[in-house]
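Residue-level listing of the chains:
2 protein chains.
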Amino acid sequence: MKYSSETVEKAIHELSKLPGIGRKMAQRHVFFLLKQSESQVKQLAESLVDLKLKVIHCSICFNVTESDPCKICAGETRDRTMICVVEEANDVLALEKTGEYKGLYHVLGGALSPLDGIGPDNLHVRELLLRLEEAVQEIIIATNPNTEGEATALYLSKLIKPMNIRISRIARGIPVGADLEYADEVTLARAIEGRREY
Amino acid sequence: MKYSSETVEKAIHELSKLPGIGRKMAQRHVFFLLKQSESQVKQLAESLVDLKLKVIHCSICFNVTESDPCKICAGETRDRTMICVVEEANDVLALEKTGEYKGLYHVLGGALSPLDGIGPDNLHVRELLLRLEEAVQEIIIATNPNTEGEATALYLSKLIKPMNIRISRIARGIPVGADLEYADEVTLARAIEGRREY
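Protein chains in written order, with the working numbering: chain W, 45 to 242; chain C, 45 to 242.
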């Protein structure tokens with residue numbers, strides 16, 4: 045049963061394409077937007093179109109940016125001897141938020157997944173290797189701690205090790221604030237394995 | 045700590061204004077949209093702007109529509125002796141989906157809420173009373189079963205009763221598929237109160 049207004053129906057349909065947004069949620073958004081002013085809705089719409097018009101990928105690290113090279117690659121205060129390798133651009137966002145890391149990044153654009161037909165040639169692996177010829181002394185592999193991410197990390201470590209560059213993997217363990225009781229065995233095993241002396 | 049791309053940051057900010065969308069979710073949407081084609085993102089943006097450009101309120105029932113009167117008010121197959129009174133336009137959508145009701149609607153535009161300063165004059169009550177002078181024989185009050193909705197229903201019933209029109213309230217009881225065990229006492233009490241003979 046379709047709603048009587050096609051415009052409303054179309055907006056619900058378009059919004060429900062977003063990840064994690066079902067029809068009910070999209071409907072709620074639409075009726076919320078109908079109550080907003082025209083300029084507010086236009087502002088939202090423009091900010092979305094701008095994403096595709098203004099945002100590009102940095103030619104060095106493949107992070108999302110508006111200027112090439114990106115602010116991180118062009119940043120004068122960044123430590124150019126370290127590169128943190130991540131799967132996606134939003135991982136850069138998450139790491140930058142911590143304020144802990146001051147080095148450069150390299151966005152692979154995914155993880156190795158032979159079942160999905162994603163091999164090293166589909167990721168920005170070659171570009172990473174080219175960057176290692178510069179002043180880089182350390183690589184931190186921050187791919188996700190799942191099967192694909194671990195496989196990618198292992199692949200990269202084998203590739204980079206002979207180049208005489210320090211290579212490390214981010215720690216896997218119990219998340220801060222979590223309960224030991226509810227942690228799964230694999231995480232717990234990694235937490236013990238990765239223990240550090242006081 | 046802000047993200048390096050202002051366009052990305054702006055889109056996250058705009059999306060997180062939507063009800064039930066937090067920063068993390070907005071971020072996920074943005075990175076999803078960055079992977080879509082330009083035409084797909086434009087389609088979404090246009091459908092949202094169209095909401096404000098094309099969708100108006102029906103001058104009879106105040107439902108959202110693109111043509112005035114709306115398709116329901118103008119519909120030749122609708123039963124013009126019945127009016128179902130709802131709070132918001134999305135309630136019409138929910139009721140239309142059932143396919144059970146063939147009468148007309150009247151959207152109040154909210155519910156009575158003295159604490160928020162919403163009285164009968166802020167709702168489309170006067171317009172409803174004017175419609176009752178026509179062929180209307182029955183009114184179904186389908187405001188939400190919460191304090192404001194019940195107060196509005198009671199107010200309307202007192203207002204309409206002297207006009208010699210049948211007036212009813214939608215049934216409140218245990219939702220279909222729910223468990224008696226988990227129903228709250230008020231709902232359960234209403235379910236018993238509203239019992240029907242076989």
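Think of the hints as simulated: they come from the structure by calculation, not from any bench.
Quantities reported herein were computed from a predicted structural model and do not represent experimental measurements.
Please note that a few of the clues may not be correct.
Copies of the same chain look alike in the list, so a pair counts if it works inside one copy or between any two.
Quick list of in silico lysine-lysine cross-link-like pairs, DSS-like style, CA-CA up to 25 Å [to be verified]:
{"#": "1", "residue 1": "K98", "residue 2": "K79"}
{"#": "2", "residue 1": "K141", "residue 2": "K115"}
{"#": "3", "residue 1": "K79", "residue 2": "K141"}
{"#": "4", "residue 1": "K205", "residue 2": "K146"}
{"#": "5", "residue 1": "K96", "residue 2": "K141"}
{"#": "6", "residue 1": "K115", "residue 2": "K68"}
Here is what the structure says about each hint:
{"no.": "1", "hint": "K98 x K79", "verdict": "between (29 Å within a copy, 13 Å between copies)"}
{"no.": "2", "hint": "K141 x K115", "verdict": "within (15 Å within a copy, 50 Å between copies)"}
{"no.": "3", "hint": "K79 x K141", "verdict": "between (34 Å within a copy, 22 Å between copies)"}
{"no.": "4", "hint": "K205 x K146", "verdict": "within (23 Å within a copy, 73 Å between copies)"}
{"no.": "5", "hint": "K96 x K141", "verdict": "within (24 Å within a copy, 36 Å between copies)"}
{"no.": "6", "hint": "K115 x K68", "verdict": "between (39 Å within a copy, 22 Å between copies)"}
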